[in-house]
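Given these sequences and hints, build the entire structure.
Spelled out, the chains give:
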Amino acid sequence: MARIRLSRAAAPYLLLLPGLAWLLLFYVYPAIQMFLVSLWTGNVQDGYKLTFNWGIYGSAFTEYWPWIVRSAEYGGLATILAFLLGYPLAYTIAFRGGAYKNVLLFLVIAPFFTSFLLRTISWKIILADSGIVLGPLKAAGLVPDDFRVLATPAAVVAGITYNFLPFMTLPLYVALEKIDRRLIEAAEDLYAGPWRPAGTIAGAAIGAVLLALLALTLSADPLVPAILGGIVGALIGTFLIGQAFLRITLPLSLPGIFAGSLLTFIPAVGDFINAELLGDPGSAMIGNVIQARFLKITDYPTASALSFILMAAILVGVLVYARLIGTEELTGGRI
Amino acid sequence: MATAEATAVAPRRRTRLVLGRTVSRWLLPLYTIGVTLYLILPVAVMILFSFNDPTGRSNLVFKQFSLDAWLNPLGRPGLADAVANSLIVATTSTFVATILGTLIALALVRYGFRGRSTTNLLIFLPMSTPEIVLGASLLTMFIATTQLGFVPEGILYPLNIRTIFIAHVMFNISYVVVTVKARLAGFPRHLEEAAMDLGANEWVTFWKVTFPLILPGVVAAALLAFSLSIDDFVITSFTAGPRTSTFPLYIYGAQLRGIPVQVNVIGTIIFVSAVTLVVLTTLWQRRLAARDFAPIEVISA
Numbered sequence: 075m076a077r078i079r080l081s082r083a084a085a086p087y088l089l090l091l092p093g094l095a096w097l098l099l100f101y102v103y104p105a106i107q108m109f110l111v112s113l114w115t116g117n118v119q120d121g122y123k124l125t126f127n128w129g130i131y132g133s134a135f136t137e138y139w140p141w142i143v144r145s146a147e148y149g150g151l152a153t154i155l156a157f158l159l160g161y162p163l164a165y166t167i168a169f170r171g172g173a174y175k176n177v178l179l180f181l182v183i184a185p186f187f188t189s190f191l192l193r194t195i196s197w198k199i200i201l202a203d204s205g206i207v208l209g210p211l212k213a214a215g216l217v218p219d220d221f222r223v224l225a226t227p228a229a230v231v232a233g234i235t236y237n238f239l240p241f242m243t244l245p246l247y248v249a250l251e252k253i254d255r256r257l258i259e260a261a262e263d264l265y266a267g268p269w270r271p272a273g274t275i276a277g278a279a280i281g282a283v284l285l286a287l288l289a290l291t292l293s294a295d296p297l298v299p300a301i302l303g304g305i306v307g308a309l310i311g312t313f314l315i316g317q318a319f320l321r322i323t324l325p326l327s328l329p330g331i332f333a334g335s336l337l338t339f340i341p342a343v344g345d346f347i348n349a350e351l352l353g354d355p356g357s358a359m360i361g362n363v364i365q366a367r368f369l370k371i372t373d374y375p376t377a378s379a380l381s382f383i384l385m386a387a388i389l390v391g392v393l394v395y396a397r398l399i400g401t402e403e404l405t406g407g408r409i
Numbered sequence: 203m204a205t206a207e208a209t210a211v212a213p214r215r216r217t218r219l220v221l222g223r224t225v226s227r228w229l230l231p232l233y234t235i236g237v238t239l240y241l242i243l244p245v246a247v248m249i250l251f252s253f254n255d256p257t258g259r260s261n262l263v264f265k266q267f268s269l270d271a272w273l274n275p276l277g278r279p280g281l282a283d284a285v286a287n288s289l290i291v292a293t294t295s296t297f298v299a300t301i302l303g304t305l306i307a308l309a310l311v312r313y314g315f316r317g318r319s320t321t322n323l324l325i326f327l328p329m330s331t332p333e334i335v336l337g338a339s340l341l342t343m344f345i346a347t348t349q350l351g352f353v354p355e356g357i358l359y360p361l362n363i364r365t366i367f368i369a370h371v372m373f374n375i376s377y378v379v380v381t382v383k384a385r386l387a388g389f390p391r392h393l394e395e396a397a398m399d400l401g402a403n404e405w406v407t408f409w410k411v412t413f414p415l416i417l418p419g420v421v422a423a424a425l426l427a428f429s430l431s432i433d434d435f436v437i438t439s440f441t442a443g444p445r446t447s448t449f450p451l452y453i454y455g456a457q458l459r460g461i462p463v464q465v466n467v468i469g470t471i472i473f474v475s476a477v478t479l480v481v482l483t484t485l486w487q488r489r490l491a492a493r494d495f496a497p498i499e500v501i502s503a
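Just so you know, the protein sequences line up as chains P and E, in that order. Residue numbers for the first sequence, in this note's numbering: 75 to 409. Residue numbers for the second sequence, in this note's numbering: 203 to 503.
Just so you know, the hints here were simulated from the structure itself, not pulled from any lab data. Take the hints with a grain of salt, since some may be wrong.
[Unchecked claim] The calculated DSS-like cross-link candidates involving lysine-lysine, where the alpha carbons are at most 25 Å apart (straight line), are:
no. : chain 1 : residue 1 : chain 2 : residue 2
1   : P       : 252       : P       : 175
2   : P       : 370       : P       : 175
3   : E       : 265       : P       : 212
4   : P       : 198       : P       : 212
5   : P       : 198       : E       : 265
Note that the structure is predicted; figures quoted are calculated from it, not measured.
So, in structure tokens, the structure goes:
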């Protein structure tokens, strides 16, 4: 009897042991090792020594500050754009999908069955200077001959947005799908109507500010985008956003918004493929610096320091998030 | 008085709502079709360009329809090796990660134990760490083992296919845990208890009752792990070393000189196989669900 009780108590730990050992050896330990490597001095030829050179963090910050800021900007912008694109998509699938729900969800994740690199290269083909989009536009004289999309920050942000849009859409869908439809009906029965005139004003303000910010980050003139964004925002606020959405659907989908934003922002901020394939040196991100320092220049200490900074920054975000929603949700049915 | 007010307000309110409803009835579906096309467009371009006969080295402009690349899909130096390595790593790492991850998911769902929230956090962290950091930290560890002494040289450093395998198992474990755990929620525990009551021991109960019930979740997790592994570029580029190639590494190397059409052919084959497999397993799971949850008369009939 005592033996059986002992084995019952040990059972979960025996099940956990091999997998967690793998993660401790090849996730936790390498992270610690990376931190130690960042405190090394030396070079590949003469060898490295652990000298606890803390100064490297200061110099890495000052030297690569523009890249760090740019990564945060591009990642944040891509996350906002993915949210704006993904929310109506997830909403339509969840509320209007009907018989097509599974087909639509499948189409959202279908890009994942193609190599990330090949998809990004496809965008390079589509957006090429005289490719299938710009070629005809230039021939028709609608855009100037020297206009280009590739090798601009806009192309990098668009590429990141495209690649991580499903990460935003799926958690939003899960959150929206769970909402009890009777609550919305109840709201409408209780005279939740259109959201006017506040919706018009709020929509115009949000649209104008968002597109102006977008233009500023991509170093373009913000005036025209701001006016356009204001008009589109006002139309959406007037005709599409009702009281029921504002007071029921949106607050209840907040967990999905948090999860989707985190799942989009994390890979976006560390990405280097989009910047490398679609951008130019002026749009390089912190990922490009880390990759080059590790694999091309073999400056291991600086590269380790930069990736440790990236990891620590994201870890703080994740821990705050875990505090907010609890650890059980972290590994529980997100897809 | 209340009714008089309601009738006075109702017509105006209705016209407003009707306008909003009409706009949203047409706008949202149209928008959804647009975004879906946008998501699929690059995949379509990849497939289209697998039938291209480009002039010169780069496959960036569609010149002429041709089946040349399809008739000789591995006909580029190094491509066959790269694809073979990708398949080896994906198969082995999926196998190991699926077993390790399923065991963790079983422990998390079926037992209450101390250290649960730490375990949950440890599972979540690799998924929320940027790939470049995962790859970079493994690289520093593999390099540092040369200084440790107790790891013989040649096992972890110089980098080779073994180090890619280690990395892929590591990042796949978490995805397997999450997928299997999602399917285990709502698991019919009473069936296991019934088996035990009827004299089956734990081992027999697991293989005769538990395993068949969790199999669909395990298969879904394995599919996900396989597709993540075969597509991984970032972590692989840090853990492969200069002499080992995989399909994504081959694409990256080739894109500097110009991508051969064969790459699009293999990309298309991977896409079509993945879609077929997912559709087949979904249909299979639906059949299983229909069988398992059918009314009892149907089964006894």
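Taking the hints in turn, this is what the structure says about them:
no.: 1; hint: 252/P <-> 175/P; result: holds (14 Å)
no.: 2; hint: 370/P <-> 175/P; result: violated (46 Å)
no.: 3; hint: 265/E <-> 212/P; result: holds (20 Å)
no.: 4; hint: 198/P <-> 212/P; result: holds (17 Å)
no.: 5; hint: 198/P <-> 265/E; result: holds (17 Å)
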